[in-house]
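Colleague: Chains as they are written, first to last, in our numbering: chain A, 1 to 110; chain B, 1 to 113.
Please note that a few of the clues may not be correct.
[What the hints assert, rightly or not] Partial pick of chain A residues on the chain B-facing surface, computed with a CB cut under 8 Å:
| hint | residue |
| --- | --- |
| 1 | P40 |
| 2 | Q42 |
| 3 | G43 |
| 4 | T79 |
| 5 | A83 |
Read the hints as simulated data drawn from the structure, not as lab findings. Every residue, glycine too, gets a C-beta built ideally from N, C-alpha and C.
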Amino acid sequence: DAKTTQPNSMESNEEEPVHLPCNHSTISGTDYIHWYRQLPSQGPEYVIHGLTSNVNNRMASLAIAEDRKSSTLILHRATLRDAAVYYCILSQNAGNMLTFGGGTRLMVKP
Amino acid sequence: GAVVSQHPSWVICKSGTSVKIECRSLDFQATTMFWYRQFPKQSLMLMATSNEGSKATYEQGVEKDKFLINHASLTLSTLTVTSAHPEDSSFYICSAGHSYEQYFGPGTRLTVT
Chain A
1 DAKTTQPNSM
11 ESNEEEPVHL
21 PCNHSTISGT
31 DYIHWYRQLP
41 SQGPEYVIHG
51 LTSNVNNRMA
61 SLAIAEDRKS
71 STLILHRATL
81 RDAAVYYCIL
91 SQNAGNMLTF
101 GGGTRLMVKP
Chain B
1 GAVVSQHPSW
11 VICKSGTSVK
21 IECRSLDFQA
31 TTMFWYRQFP
41 KQSLMLMATS
51 NEGSKATYEQ
61 GVEKDKFLIN
71 HASLTLSTLT
81 VTSAHPEDSS
91 FYICSAGHSY
101 EQYFGPGTRL
111 TVT
């Protein structure tokens with residue numbers, strides 16, 4: 001699977017939007033972009049995924065660059081419960097194992 | 001959504017003993033499950049792929065005789081850490097794919113004393 005690059009950590013204020021970037025310059029045409037997050041002492045949970053078009057769901061939005069070499073996870077209003085490590089992962093098949101990079105640790109300040 | 005459970009959620013064992021961790025898909029069938037290990041402040045590392053009815057596939061550097069995996073049914077995979085040592089202390093997490101998502105268990109924290 002192609003590699004992704006994310007900032008180690010980011011800070012946000014509660015109730016404000018958060019934009020979490022991910023670079024994946026070696027993405028292949030069949031790679032989906034997946035985002036998972038891991039709250040402290042828990043297993044990861046699915047956030048969102050996309051291929052080419054921007055995606056929205058109840059948790060977040062995913063903005064994908066036109067050349068697909070980068071993407072941004074958008075949390076529209078950060079809450080304290082959103083404090084977690086966010087992982088951007090490329091995979092051709094969600095049924096397959098996921099390769100986790102370092103992720104971005106998001107800290108939310110009240 | 002689909003749910004994956006793990007049991008136990010935490011376990012403390014003495015060095016040299018074996019520990020079994022169960023991973024169950026509660027409302028869907030999973031022919032394939034994955035086992036990960038996570039050390040403090042590190043990311044998840046895939047240990048092995050568990051295949052129902054056949055042998056598990058282990059990642060490079062993971063000893064198959066030490067980490068025994070059994071996937072006897074479509075809803076249950078077990079990981080047995082044999083002859084555990086303090087360096088095996090870690091957070092073990094399983095996952096299974098369903099639809100377009102991977103569903104992860106809540107993890108099992110193993111402490112070997």
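Colleague: Take the hints in turn and mark each one as holding or not.
Modeller: The hints, checked one at a time:
| no. | hint | verdict |
| --- | --- | --- |
| 1 | P40 | violated, 11 Å |
| 2 | Q42 | holds, 6 Å |
| 3 | G43 | holds, 3 Å |
| 4 | T79 | violated, 20 Å |
| 5 | A83 | violated, 15 Å |
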